[in-house]
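Student: In case you want the letters, here they are:
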Amino acid sequence: MGIFSKFIAKIKGENAFAPSDWQDLERELLASDIGPTLTQSLLDSAHKVKSENAQEALKATLTSYLSTQSRAPITNPEGMTVVMVVGVNGTGKTTSVAKLASNIKSSGSAVVVAAGDTFRAAAVEQLQTWGSRIDVEVVSGKPNGDPASVAFDAVKRAAQSQAQYLIIDTAGRLHNKSDLMAELEKVKRVVEKVAPVSEVLLTIDATTGQNGMAQAKLFAESVSVTGIILTKLDGSARGGIALAIESELNIPIKWVGTGESEADFAVFNASEYIEGLLA
Amino acid sequence: MFDSLSARFSSAFSSLRSRGKISAADLDATYAEIRQALLESDVALEVVETFIAQVTEKSTQVLSTIQSGSNQASAIFDVVNSSLVEILGGSARRVRFSKNPPTVIMLAGLQGAGKTTLAGKLAKFYADQGNTPLLVAADLQRPNAVTQLQVVGESINIPVFAPEAGNGIGNPVKTAKAGVEFAKAKQYNMVIVDTAGRLGIDAELMKEASDIRDAVKPDEILFVVDAMIGQDAVRTSQAFLNGVGFDGVVLTKLDGDARGGAALSIASLTKRPIMFASTGEKLSDFDIFYPERMASRILGMGDVATLAEQAKKAFDSDKSAKLEAKFASGEDFTLEDFLDQLSAMSKMGSMSKLMGMLPGGGQMKQLTKGANFDESEIVRTKAIIQSMTPRERQEPKVLNGSRRARIALGAGLKVSDVNNLVDRFSAAQKMMRQIRNGGVPAGMAGMGMPAMAPKPANIPPKKKSKSGNPAKRALEESQ
Ligand SMILES: Nc1nc2c(ncn2[C@@H]2O[C@H](COP(=O)(O)OP(=O)(O)OP(=O)(O)O)[C@@H](O)[C@H]2O)c(=O)[nH]1
Ligand SMILES: [Mg+2]
Chain A
18 MGIFSKFIAK IKGENAFAPS DWQDLERELL ASDIGPTLTQ SLLDSAHKVK
68 SENAQEALKA TLTSYLSTQS RAPITNPEGM TVVMVVGVNG TGKTTSVAKL
118 ASNIKSSGSA VVVAAGDTFR AAAVEQLQTW GSRIDVEVVS GKPNGDPASV
168 AFDAVKRAAQ SQAQYLIIDT AGRLHNKSDL MAELEKVKRV VEKVAPVSEV
218 LLTIDATTGQ NGMAQAKLFA ESVSVTGIIL TKLDGSARGG IALAIESELN
268 IPIKWVGTGE SEADFAVFNA SEYIEGLLA
Chain B
197 MFDSLSARFS SAFSSLRSRG KISAADLDAT YAEIRQALLE SDVALEVVET
247 FIAQVTEKST QVLSTIQSGS NQASAIFDVV NSSLVEILGG SARRVRFSKN
297 PPTVIMLAGL QGAGKTTLAG KLAKFYADQG NTPLLVAADL QRPNAVTQLQ
347 VVGESINIPV FAPEAGNGIG NPVKTAKAGV EFAKAKQYNM VIVDTAGRLG
397 IDAELMKEAS DIRDAVKPDE ILFVVDAMIG QDAVRTSQAF LNGVGFDGVV
447 LTKLDGDARG GAALSIASLT KRPIMFASTG EKLSDFDIFY PERMASRILG
497 MGDVATLAEQ AKKAFDSDKS AKLEAKFASG EDFTLEDFLD QLSAMSKMGS
547 MSKLMGMLPG GGQMKQLTKG ANFDESEIVR TKAIIQSMTP RERQEPKVLN
597 GSRRARIALG AGLKVSDVNN LVDRFSAAQK MMRQIRNGGV PAGMAGMGMP
647 AMAPKPANIP PKKKSKSGNP AKRALEESQ
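Line by line, the protein sequences are chains A and B.
First residue of the first sequence? That's 18 in the working numbering, and the numbers climb one at a time after it.
First residue of the second sequence? That's 197 in the working numbering, and the numbers climb one at a time after it.
There may be inaccurate statements among the hints.
[Unchecked claim] Lysine-lysine pairs mimicking DSS-like chemistry, simulated, CA-CA at most 27 angstroms apart:
{"hint": "1", "chain 1": "B", "residue 1": "K610", "chain 2": "A", "residue 2": "K173"}
{"hint": "2", "chain 1": "B", "residue 1": "K295", "chain 2": "B", "residue 2": "K382"}
{"hint": "3", "chain 1": "A", "residue 1": "K210", "chain 2": "B", "residue 2": "K610"}
{"hint": "4", "chain 1": "A", "residue 1": "K122", "chain 2": "A", "residue 2": "K210"}
{"hint": "5", "chain 1": "B", "residue 1": "K295", "chain 2": "B", "residue 2": "K380"}
{"hint": "6", "chain 1": "B", "residue 1": "K467", "chain 2": "B", "residue 2": "K295"}
{"hint": "7", "chain 1": "B", "residue 1": "K382", "chain 2": "B", "residue 2": "K370"}
{"hint": "8", "chain 1": "A", "residue 1": "K159", "chain 2": "B", "residue 2": "K478"}
{"hint": "9", "chain 1": "A", "residue 1": "K173", "chain 2": "A", "residue 2": "K159"}
{"hint": "10", "chain 1": "B", "residue 1": "K467", "chain 2": "B", "residue 2": "K382"}
{"hint": "11", "chain 1": "B", "residue 1": "K478", "chain 2": "A", "residue 2": "K234"}
{"hint": "12", "chain 1": "A", "residue 1": "K76", "chain 2": "A", "residue 2": "K65"}
[Unchecked claim] Reference listing, derived: stretches of chain A covered by chain B, where coverage requires no fewer than 3 residues with Cβ under 8 angstroms from a Cβ of chain B:
{"hint": "13", "stretch": "47-55"}
{"hint": "14", "stretch": "187-198"}
[Claimed, not checked] A few chain A positions that, by computed beta-carbon distances, are all more than 12 angstroms from chain B:
{"hint": "15", "residue": "H64"}
{"hint": "16", "residue": "S81"}
{"hint": "17", "residue": "T92"}
{"hint": "18", "residue": "N93"}
{"hint": "19", "residue": "K110"}
{"hint": "20", "residue": "N267"}
{"hint": "21", "residue": "N286"}
The set of hints was computed from the structure by calculation and includes no laboratory data.
Cβ coordinates follow ideal geometry from the N, Cα and C atoms, glycine included.
Could you build all of it, start to finish, from the sequences and the hints given here?
Tutor: Here it is in structure tokens:
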């Protein structure tokens with residue numbers, strides 16, 4: 018039995034919660050990576066919960082930390098929708114680009130992807146392999162070339178081929194490297210000479226701890242992140258840092274990744290996520 | 197959130213020091229701060245609790261022998277710090293070489309932890325010491341992981357055994373085994389086996405990992421883990437320990453700004469030593485693990501050693517020497533030189549990040565909050581220069597209207613931004629010529645760096661440092 022149901026059962030049953038139960042609850046909350054600050058404020062409100070509606074009250078408290086922003090995909094009503102996928106190394110950008118492209122394609126829209134990671138060894142080939150798996154055109158440039166010019170060519174190509182969506186993969190970068198962040202800003206600026214970037218999705222690996230906040234903050238400052246893809250939720254990590262990010266930065270989680278194949282991808286479901294945090 | 201950590205930590209101690217003698221309640225308050233600091237650094241709660249209990253016991257013993265409050269505070273600090281170092285590095289050791297070569301090293305870890313890059317780094321590290329490593333591409337799962345390892349191997353001139361193309365096809369157990377046999381036959385003295393990323397809870401893939409282990413009988417299994425990992429480090433490291441077993445740990449992406457508390461959880465729960473640190477995307481960004489540095493980092497006490505190293509790395513010594521020679525010989529600085537310097541600076545991280553790496557830097561940053569370090573200005577300046585041709589960088593004179601328009605387009609900025617930079621640069625160049633005879637050393641001074649200086653009035657006079665240990669010094673400076 019998860020701590021959440023145990024907690025509810027206790028409150029309902031005897032209306033008393035032993036100190037060790039509070040410790041259990043604290044441990045579970047911390048273990049979900051929501052962080053010590055959110056954990057504390059959640060414990061504070063849990064202390065005030067009335068026994069009859071404990072479950073609802075706790076869920077409501079957790080839910081109240083979620084972002085108020087819309088989670089609907091942002092599209093460009095005037096033409097091609099351009100989406101950039103950004104994030105720290107190894108968080109699942111390339112896989113997510115493929116998953117998103119496959120998702121859009123199966124809903125009947127024409128989509129092109131751009132291999133904007135010209136830096137990491139075999140990153141272009143990785144996306145090309147995905148392209149042939151999901152039957153989506155991949156635009157790429159020279160390895161070690163300028164990612165902004167690959168992206169620039171890609172928007173023009175995608176526009177020519179009447180694509181409704183262009184999804185741009187980018188190289189992994191640590192948010193504290195300002196030269197790499199500047200490079201990313203340049204990619205966005207240059208793309209926007211041709212078409213507006215409707216959506217910038219940040220991949221956050223569910224195993225990430227408190228550093229995820231710094232990642233979100235700096236990527237958001239640089240390229241105005243419009244949503245989060247929470248990846249690797251199929252593991253034992255619960256991805257609580259994303260709740261802290263929603264709460265502090267008001268950036269909504271839009272998609273979740275739950276595996277290594279293109280089908281392991283879904284629209285974010287708030288109540289599933291909240292329950293998963295305490296599972 | 198993170199910047200206030202070191203500030204809070206030193207304030208916990210300075211409130212201790214302000215007492216003549218420390219009471220039990222004072223100690224509890226201090227330990228509460230340490231607890232919070234460790235939790236914010238992603239140390240698992242169970243580890244935090246054992247740790248606090250341990251240092252409480254140790255410091256109680258120490259305190260009974262010390263009189264003044266100030267000495268007591270630093271005694272507690274020493275206990276905390278040395279306990280951390282002990283857990284992180286108590287059992288540090290090097291890779292065990294096999295008596296019958298090749299020495300086989302197998303890598304294991306979650307998806308995206310950085311195994312493939314690390315395989316290349318390890319190979320280079322040992323090749324530089326005169327070994328003859330062979331890389332074996334046994335990640336046949338992730339699209340083009342094999343190609344990635346081949347590209348990596350080629351760039352450092354290390355052979356890669358890759359009989360299977362991968363992308364979901366081929367048997368990793370057979371490949372790994374064949375790789376070791378090949379190495380034996382060709383007399384390589386070391387084999388590094390890259391494996392696919394897998395989840396701790398994926399029983400099937402954990403079984404595959406242990407099959408690879410049984411097939412290659414590694415001398416070392418290294419568990420590769422991202423320094424940014426949070427509380428899941430506990431479950432995942434336990435799952436790998438049980439599923440495949442490991443002899444040592446490698447922390448990756450330590451060039452980020454994660455405090456890396458997971459290192460403490462893993463070291464204390466699995467009792468396996470952390471052996472290496474991976475600190476960047478270049479294959480030379482790799483080092484043995486230093487427990488002292490990690491301890492300061494987890495406590496948010498600043499990491500001067502790493503900062504100094506990053507500075508050294510960022511400011512290419514050849515380039516600096518050339519620049520000085522250029523200055524001495526009376527040659528003009530060019531936009532190319534300017535770009536080099538800007539790049540070196542931003543390679544080290546943002547100004548605010550750099551301050552964070554200094555002991556007490558968190559407090560310093562708060563003091564200078566109003567002083568605007570305009571990072572984006574550097575970013576824009578670099579974008580402009582990067583959009584110029586080599587000739588334009590050498591001879592800004594040639595920058596006519598149409599060239600400026602092209603550059604602005606390339607950088608995604610306005611022509612007026614380009615004009616602005618060129619004007620500022622010419623003024624700075626002129627000034628450099630004027631001061632050249634005055635013997636001012638070559639550097640950023642006078643290079644027209646925009647809006648970089650903090651308001652001096654905001655910074656308190658700097659105390660002379662007393663201790664060489666950055667953490668201790670922060671403690672002294674907060675007195
Ligand atoms: N289990 C699981 N693995 C995932 C998920 N998303 C991505 N991965 C795996 O994580 C690893 C890294 O994914 P990539 O898509 O290459 O990550 P990236 O961010 O593009 O990496 P870089 O470009 O190197 O920075 C691969 O092995 C993926 O198969 C997910 O949702 N679940
Ligand atoms: Mg990628």
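Student: Now tell me, hint by hint, if it's right for this structure.
Tutor: Tested hints:
1. K610(B) x K173(A): Within the cut-off at roughly 22 angstroms; holds.
2. K295(B) x K382(B): Holds: K295(B) and K382(B) sit about 17 angstroms apart, inside 27 angstroms.
3. K210(A) x K610(B): holds, 12 angstroms
4. K122(A) x K210(A): holds, 26 angstroms
5. K295(B) x K380(B): OK: K295(B) and K380(B) at ~13 angstroms, within 27 angstroms.
6. K467(B) x K295(B): Status holds; Cα separation ~25 angstroms.
7. K382(B) x K370(B): Roughly 18 angstroms between the alpha carbons, so the hint for K382(B) and K370(B) holds.
8. K159(A) x K478(B): With a Cα-Cα distance of about 19 angstroms, the restraint between K159(A) and K478(B) holds, given a limit of 27 angstroms.
9. K173(A) x K159(A): Holds. K173(A) to K159(A) sits at ~17 angstroms (cutoff 27 angstroms).
10. K467(B) x K382(B): Given that 27 angstroms is the threshold and the Cα spacing comes to 36 angstroms, the pair is violated.
11. K478(B) x K234(A): holds, 25 angstroms
12. K76(A) x K65(A): Distance ~14 angstroms between K76(A) and K65(A) Cα, so the pair holds.
13. 47-55: Holds, because 7 residues of the stretch 47-55 of chain A bring their Cβ atoms closer than 8 angstroms to Cβ atoms of chain B.
14. 187-198: It holds, with 7 qualifying residues against the three required.
15. H64: holds, 18 angstroms
16. S81: Its Cβ never comes within 12 angstroms of chain B, the nearest being 20 angstroms, so this holds.
17. T92: holds, 23 angstroms
18. N93: holds, 19 angstroms
19. K110: At roughly 10 angstroms from the nearest Cβ of chain B, K110(A) sits no farther out than 12 angstroms, so the non-interface label is violated.
20. N267: Non-interface label stands for N267(A): nearest chain B Cβ at 16 angstroms, farther than 12 angstroms.
21. N286: The claim stands: N286(A) keeps its Cβ more than 12 angstroms from every Cβ of chain B (closest is about 20 angstroms).
Violated hints for the displayed structure, listed by number in ascending order: 10 and 19.
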